[in-house]
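Dock chain S against chain Z, hints included.
Line order of the protein sequences matches chains Z and S. UniProt numbering applies: residue 1 is where the first sequence begins, and numbers increase by one. UniProt numbering applies: residue 1 is where the second sequence begins, and numbers increase by one.
Calculated directly from the structure, the hints in this document are not laboratory data. Where hints are given, some of them may not hold.
As the list makes no split between identical chains, a pair holds if one copy fits it or if it spans any two.
[Stated by the list, open to error] List of simulated lysine-lysine pairs, DSS-like, C-alpha gap at most 30 angstroms:
(1) LYS37 x LYS631
(2) LYS273 x LYS537
(3) LYS304 x LYS257
(4) LYS452 x LYS304
(5) LYS631 x LYS150
As the structure is a prediction and not an experimental result, all values here were calculated from the model.
Protein chains: 2
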Amino acid sequence: MVESWSFLDTAESNFRPLVVIELAKGTKEETIEWFTKRIVDKKADGGAQLLIQPLVMENGVENIYLVGASHLRLLLGAETVGLVKECNDNSMRTFTYSSRKTFKHFADDNHNFLTMAECQYIIKHELENLRAKNEKMIPGYPQAKLYPGKSIVRRLLTSGILVQIFPLHDKEELKKLSHSWYGRVKVGYQPLDDIRCYFGETIALYFGFLEYFTFALIPMAVIGIPYYVFAWEDYDKYVMFATFNLLWSTVILEVWKRMCAILTYRWGTLLMKRQFEEPRPGFHGVLGINPVTGREEPVYSSIKRQLRIYLVSLPFVCLCLYFSLYVMMIYFDLEQWALDYHKENESNFSSLMLYVPSIIYAVVIEIMNRIYRYAAEFLTSWENHRLESSYQNHLILKVLVFNFLNCFASLFYIAFVLFDMKLLRQSLATLLITSQILNQFAESLLPYWLQKRYNRRMKKRMCSKKTDTDLSLAEQVNMEKEMGTYLGTFDDYLELFLQFGYVSLFSCVYPLAAVFAVLNNITEIYSDALKMCRVYKRPFAEPTASIGVWQLAFETMSVISVVTNCILIGMSPEVDALFPDSKMDLVLTVALIEHLLLAIKFIMAFVIPDKPRDIQMKLAKLEFESLEALKQQVRAFQMQL
Amino acid sequence: MVESWSFLDTAESNFRPLVVIELAKGTKEETIEWFTKRIVDKKADGGAQLLIQPLVMENGVENIYLVGASHLRLLLGAETVGLVKECNDNSMRTFTYSSRKTFKHFADDNHNFLTMAECQYIIKHELENLRAKNEKMIPGYPQAKLYPGKSIVRRLLTSGILVQIFPLHDKEELKKLSHSWYGRVKVGYQPLDDIRCYFGETIALYFGFLEYFTFALIPMAVIGIPYYVFAWEDYDKYVMFATFNLLWSTVILEVWKRMCAILTYRWGTLLMKRQFEEPRPGFHGVLGINPVTGREEPVYSSIKRQLRIYLVSLPFVCLCLYFSLYVMMIYFDLEQWALDYHKENESNFSSLMLYVPSIIYAVVIEIMNRIYRYAAEFLTSWENHRLESSYQNHLILKVLVFNFLNCFASLFYIAFVLFDMKLLRQSLATLLITSQILNQFAESLLPYWLQKRYNRRMKKRMCSKKTDTDLSLAEQVNMEKEMGTYLGTFDDYLELFLQFGYVSLFSCVYPLAAVFAVLNNITEIYSDALKMCRVYKRPFAEPTASIGVWQLAFETMSVISVVTNCILIGMSPEVDALFPDSKMDLVLTVALIEHLLLAIKFIMAFVIPDKPRDIQMKLAKLEFESLEALKQQVRAFQMQL
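Bound-form chain Z, shown alone (with noise of 0.2 angstroms):
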């Protein structure tokens, strides 16, 4: 051990910038100088113990500062945070300081041990952790109160004094990850690592499911070509068609556990213990003991969450889908006259008006999404949740009915109420198709047109025609900075969530909706490659070690799926004249099957393991010799006695 801390302060020479911060214009002197003070500030001292520099802009402004850190400062922060990394013999094992040399690619001098935004990473959970000692409040800002253990950086961003964080784009990795990803027209995978190296586990795991989800659809779309092909109408191989779909949606559910074991394994996320949850940026409440930690914080009764969430959340969101159902009727209305219509004057114009009403209507259902999200972010977190896991659940949730009940719920109308299966198919159809090409338009192609439009006035703004490459560090952090923020991976996941429904609810009346499932996914991949790469702030990395909740969501609509399709196949004419003699017969049938079917579901689900052989065997080991080791220590222990 040759460097020592004092080292960390000097070492400026070799200063990487990795982290802007932005402070809102007019910013006390005062403020700036604490804030920096405590930045710098030894580990000893409560400080983060990061290098910080100000960035000296052409135009004078002062209120940005790059942050970085040393390597040392780094690896012991890869411990602080708990990452996992493989080791010489090819196993992960969670990074420690003194067991470093038996890391792979681990030197002294190799500063790529850990990635960028690994490093990012660090910097911003170091900066987050940074909290006060005994301020009270913030200098020069009396009404933004502190309390001992409170993170500064969350009080900044609540009060406005701090605009924004973010990481750095590093712009010749991302131009070869760009060239790797969608640079050229290739068959093949993504570069899933490079992405995960690049971006964090989060937003590759969305990348890895959205290429495994549309591999998993080709079977079901190679199968459906043929009906549209072959016009086939006979039910019977509509039968067969939401048989498979039903049985293989569960399996492809099922391996995506496993697939998903397999990455996070390898990006060592499987292996890496849970932070304590800290209360979300956006909690407030008086100040008092908290139970578990038994430290002072804000707190807030839980009852008066709970009312608020029965009283006026809950009585909200069924209002919300009243008015969507509502919304339907008119479109049902809409359509009855775009059928009279005509009817009474056929001519081409009026064979086309038969599709505006259900145009109308997915354009409305999109619009009619994106203001509820608004009422379901405020309302969500107007209910005080004190984690933002708490905050994400109950957020999503709420989203998910909404949007489930706004987009299927005329296709259940059409289905189980008017009985009309070509009605069914067109809305479905029409449904479909337009909400992908909305959704494509409005989150990649209208913020990449903004973007570059921005992008080419910056430039002349600078009279300069250097490419991306050659910008310099402040024009670059000056154009990052204005690009917008992602905002997770939420509204990617909804999307496919959407998706999912239209492809397995009615399944057996529209084999074709898998192949616009494939298409679309195909240039999801690449807007949203491109999104990610282009359009937005690079966002910070987030370990995760699978998809959550929408696993969940995603086997919940498989699910239902099996009800509605069973119903499907129950009503069709085909299947009706083989039981000629008793409805009830063909009624008690579809139930039984529905039931067996929903069986085989469950017993599949138990019975596949949710990870592979490989993995669990790998896991064990890791368990088993941890339990060794604390068996060796307590042996230890005794011997000395």
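Below, chain S alone, put in the same frame as chain Z:
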């Protein structure tokens, strides 16, 4: 630390016998010498560092040994097995010798800090973990092979040299316990904490579940009584009863999880870390390297096991199921014959004869269950599972499937093929009552009577008229070693599981089932208690945190009961009359209600937290503390640099 390890070896003066080891008659001298030496050897030399004494019997038999340990040894053993005890601040923590002073009731001279059951569990654990070093075989028995790391006790057991190991009863404690448990007729709870101290957590949890389940059935029983008293035969009342039943059964199973968490938190097992599972004693294979531990041990190809399971066990189980259905058909022939007989000669005798087939069938079912049980055990053991838990799961699955079909197939047949509700009610009553009587008799009263007779003879032979507590140690050991061995809670849970089936599957036709179940369970508590205290050898305590796979079994049963009850209600003439025009509407309504009930069940299971809030908080606190401690360690290490 005044005492030292040398003290352990000499402190024979306060030797307290805890565990009895019985070797086979005629065991070679060199084997005994080697085995006892290994038991008393120091830990550093690979021994168990326990105390052992031969028991000198009046009749000169010298193959019985008593094992004990010093207080200090037991405390260190408690750390090794990871016991969790209550601290002075009322929190539960893993016991370590160095932090012993912080635990409640700890004092260096308080030898009751660890309960006798805990001491015996520690000794069992130490004996089982006594492993071969360089021995290639057991001295004196060249055919009993050993390899480094093989548990010596397990090899001695499988080669028949070691007849049995069992813990000694504590006559005084047992007297106290049995007095407060079943000694007097009283209304009130069982002394669960005392049972746990004496018999360990697994058995205490069974009695806790039995008691809880009995209390939970009381509301059903109370609501069921008026149906009998007023002879209510109208189905709308049955519908009410069934609906209540379905929701209630979900609630009680969810609430049990919470109760279980409260109990096991108090007992410390909720927090106990899982130990690494060693191969079960009966496991055999060729010596190879275990990929997880890297140790040399027998390995057995997983493919061979799969083949045995799918090519032998599965067909055998199917054959048994078929046989069981065949026996059922014979029962229905008998039933028909009895009915014909009754019609021909109407007399008291002939009307009594009506019950005979059911009673015979109930007896046959019990006999078949028991025979199948042996077959299942043989097959599962032949499948050669490496781990005890995997063995248990396969055994439970085999037994559950068969017992379920065997017990309920006739009822399903009567209900859904014959549509004879009167016969269903009668069969249900006969099956339930007969099986309860048979069980009580076969499980407790018969062994108790046999044991009592044997004890009387023993005492007569010893020519003394002492009471139980006055017996000498040698006499006590001699008596206890002949007692039956308690084979675990499997049969007891199975009995409850089947009872739950009788109560819930057809609850809407026979509300009185709950009354019989409550009555049976009250006597069951007493007879099981008697069985534990008087009939069987004391079993080793087994720490456990839940009732394990039985929770799943009960939940599955309650899902099936939703389906059966909905069908039964749908079939009732009263409900039929509500839909005079269309049978279709009836079936669809019933199916809709069934799906709604199932959805409600799953939502309820999801919404009700598995652990009460205060236990959650305590667990979160412990987790927080351990994370903080880890962080402190890292910080301390970083400050050293």
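Here is what the structure says about each hint:
1. In this assembly of identical chains, the alpha carbons of LYS37 and LYS631 lie at most 30 angstroms apart only when taken from different copies (23 angstroms versus 45 angstroms within one copy).
2. Proximity of LYS273 to LYS537 under the C-alpha cut-off of 30 angstroms is restricted to the intra-copy arrangement: shortest distance 28 angstroms within a copy versus 44 angstroms between copies.
3. In this assembly of identical chains, the alpha carbons of LYS304 and LYS257 lie at most 30 angstroms apart only when taken from different copies (27 angstroms versus 38 angstroms within one copy).
4. Taking the shortest alpha-carbon separations for LYS452 and LYS304, neither the intra-copy value of 47 angstroms nor the inter-copy value of 62 angstroms comes in at or below 30 angstroms.
5. Proximity of LYS631 to LYS150 under the C-alpha cut-off of 30 angstroms is restricted to the inter-copy arrangement: shortest distance 17 angstroms between copies versus 38 angstroms within a copy.
In summary, the one numbered hint that this structure violates is 4.
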